[in-house]
Amino acid sequence: MKLSTTTKKFLGNSGWMIGQQVYYMLLSLVIGSLSARYLGPSNYGIINYGSSIISFFSIICKLGLDGVIINEMIKTPEKQGTYLGTALAMRLITSISSFFMVWAFVGIMEPGNKEIIIVTVLQAFAVILQTYEVFTYWFQLKLKMKYVSIATMVGQTAVGVWRVLLLVNKASVYMFALSSSVLALISGIIVAISYSYDHEREQKLKVSLADGKYLLKNSYHYIIAAVAITFYMQIDKIMIGKMIDSTAVGIYSTATLIAGLWEFVPTALVNSSRPLIIEEKKKSDDAYIKKFQMLLLGISVLSLAVSVGMMLLGKVAILIMYGRDYLEATAPLSILIWSTGFAMLGTARGIWLVTEGYNRYSKNMVIMGAILNFLLNSLFIPKWGITGAAITTLISQVFVSLIAPLLYKDTRRFDRIYFDSFKLLPEVCNKAKEVIKKRK
Numbered sequence: 001m002k003l004s005t006t007t008k009k010f011l012g013n014s015g016w017m018i019g020q021q022v023y024y025m026l027l028s029l030v031i032g033s034l035s036a037r038y039l040g041p042s043n044y045g046i047i048n049y050g051s052s053i054i055s056f057f058s059i060i061c062k063l064g065l066d067g068v069i070i071n072e073m074i075k076t077p078e079k080q081g082t083y084l085g086t087a088l089a090m091r092l093i094t095s096i097s098s099f100f101m102v103w104a105f106v107g108i109m110e111p112g113n114k115e116i117i118i119v120t121v122l123q124a125f126a127v128i129l130q131t132y133e134v135f136t137y138w139f140q141l142k143l144k145m146k147y148v149s150i151a152t153m154v155g156q157t158a159v160g161v162w163r164v165l166l167l168v169n170k171a172s173v174y175m176f177a178l179s180s181s182v183l184a185l186i187s188g189i190i191v192a193i194s195y196s197y198d199h200e201r202e203q204k205l206k207v208s209l210a211d212g213k214y215l216l217k218n219s220y221h222y223i224i225a226a227v228a229i230t231f232y233m234q235i236d237k238i239m240i241g242k243m244i245d246s247t248a249v250g251i252y253s254t255a256t257l258i259a260g261l262w263e264f265v266p267t268a269l270v271n272s273s274r275p276l277i278i279e280e281k282k283k284s285d286d287a288y289i290k291k292f293q294m295l296l297l298g299i300s301v302l303s304l305a306v307s308v309g310m311m312l313l314g315k316v317a318i319l320i321m322y323g324r325d326y327l328e329a330t331a332p333l334s335i336l337i338w339s340t341g342f343a344m345l346g347t348a349r350g351i352w353l354v355t356e357g358y359n360r361y362s363k364n365m366v367i368m369g370a371i372l373n374f375l376l377n378s379l380f381i382p383k384w385g386i387t388g389a390a391i392t393t394l395i396s397q398v399f400v401s402l403i404a405p406l407l408y409k410d411t412r413r414f415d416r417i418y419f420d421s422f423k424l425l426p427e428v429c430n431k432a433k434e435v436i437k438k439r440k
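Per our numbering, residue 1 is the first one in the sequence shown, and the count goes up by one each step.
Everything labelled a hint here was simulated from the structure, so no lab data went into it.
A couple of the hints might just be wrong.
Below 16 Å or equal to it, Euclidean Cα-Cα: the simulated EDC-like pairs (lysine to aspartate or glutamate) are [said to hold, decoys possible]:
hint, residue 1, residue 2
1, Lys204, Glu78
2, Lys315, Asp325
3, Lys290, Glu356
4, Lys142, Glu279
5, Lys79, Asp211
6, Lys290, Glu279
Simulated restraints on C-beta separations [to be verified]:
hint, residue 1, residue 2, range
7, Ser208, Ile108, 30 to 40 Å
8, Tyr408, Gly260, 25 to 35 Å
9, Glu78, Met25, 32 to 42 Å
10, Lys315, Glu78, 53 to 63 Å
11, Cys429, Ala210, 42 to 52 Å
12, Val428, Glu356, 22 to 32 Å
The structure displayed is predicted, hence computed values, not measured ones.
Think of the CB as a built atom: it goes at the ideal place given N, C-alpha and C, for glycine as much as any other residue.
Between the sequences and the hints, there should be enough to build the whole structure, so can you do that?
Laid out in structure tokens, this is it:
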């Protein structure tokens with residue numbers, strides 16, 4: 001079976017992104033777990049508590065552009081340079097503002113707690129440095145995430161060396177807090193250089209106030225949606241920190257980290273599929289829906305396999321990676337692992353919402369999920385602790401990904417599209433068998 005050029009580019013693009021995340025996972029298994037052991041659940045919890053607060057502001061900085069800018073660059077290729085330049089300027093302004101807002105917010109949340117304030121501010125420098133992520137829209141569009149992946153791996157390697165030196169020298173928690181900023185700095189420099197030398201880049205970066213307003217008009221739904229998603233993904237750690245303590249945050253963060261280790265695969269598939277699915281929409285509705293269903297099916301099958309495997313081996317994974325001090329993370333992990341699959345379905349659904357022009361519904365769905373998450377956390381954390389927070393996350397993810405679309409006439413079709421995707425399973429299996437036979 002001869003693969004088309006587009007398919008080869010898709011596979012190569014996905015392969016690079018998956019490879020980068022595998023590399024990151026291996027680093028996390030070794031250096032990340034050693035760092036967590038060294039810091040202990042309490043200091044590890046302080047770092048994660050601070051990063052949860054930062055998440056709210058860093059997601060605002062993205063301005064929801066992830067959901068619309070690639071679509072706009074495909075529709076109007078002659079304005080790609082203007083869209084990127086405008087997005088870069090907007091992102092830089094909001095990032096600098098967000099840095100100071102993080103500083104003020106943590107000061108209000110934790111008055112007098114200098115340790116948490118300093119740790120959070122040191123991590124918050126990454127918010128400004130991550131402005132380089134605007135260039136990744138270009139590489140996604142051109143299916144050239146190879147350059148972003150290489151840049152990220154170089155940054156991750158540097159951070160790995162940094163952390164080893166910190167461990168050897170028995171450094172303070174403050175130095176560990178700088179790791180995310182170091183990663184963003186190195187990765188950003190390499191990505192920016194790669195973009196400037198890309199031979200396909202014919203247009204110069206320009207800033208347009210009118211185009212900025214246009215992008216915001218189309219993306220503000222995603223800004224609100226992203227904030228709401230971050231709220232129900234991160235509020236549990238903040239509530240655990242306030243209702244229990246930083247040690248509980250450290251243990252719970254371990255469960256969320258392990259549960260999310262596999263997400264790089266569906267994320268890579270979604271990012272690589274996005275331009276292909278949007279392009280297919282121009283040619284044929286049926287072909288476009290089928291491509292979208294193949295993506296949904298792939299995520300579902302992966303999720304099932306990973307979730308069952310983690311339920312069986314989760315305790316062993318925690319012992320090997322983090323040690324006995326973190327064993328309490330076993331129960332939350334066995335629940336959270338199922339929630340990640342539903343979260344990835346929600347991410348993939350974003351492609352469909354953009355191409356169908358249903359952007360406005362995304363924010364409503366996740367706002368409802370955020371409210372549900374907050375209410376359930378308020379009830380479950382006092383009763384069941386970190387396991388209660390994990391149950392809340394799973395319920396919220398199921399609600400947002402499959403139940404919320406049923407509440408709107410335009411989006412009800414998504415559930416039918418999703419469940420019909422399982423009808424493609426025999427076809428996918430047959431194709432896989434053909435490929436295996438030919439390779440033999």
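For each hint, the structure was consulted:
1. Lys204 x Glu78: Satisfied, since the Cα-Cα distance of roughly 11 Å is no more than 16 Å.
2. Lys315 x Asp325: holds (12 Å)
3. Lys290 x Glu356: holds (15 Å)
4. Lys142 x Glu279: holds (12 Å)
5. Lys79 x Asp211: holds (9 Å)
6. Lys290 x Glu279: holds (13 Å)
7. Ser208 x Ile108: 30 to 40 Å: Holds - the Cβ-Cβ distance for Ser208 and Ile108, about 36 Å, lies within 30 to 40 Å.
8. Tyr408 x Gly260: 25 to 35 Å: holds (29 Å)
9. Glu78 x Met25: 32 to 42 Å: holds (40 Å)
10. Lys315 x Glu78: 53 to 63 Å: holds (56 Å)
11. Cys429 x Ala210: 42 to 52 Å: holds (50 Å)
12. Val428 x Glu356: 22 to 32 Å: At roughly 24 Å between Cβ atoms, Glu356 and Val428 fall inside 22 to 32 Å, so the hint holds.
Of the numbered hints stated above, none is contradicted by the structure.
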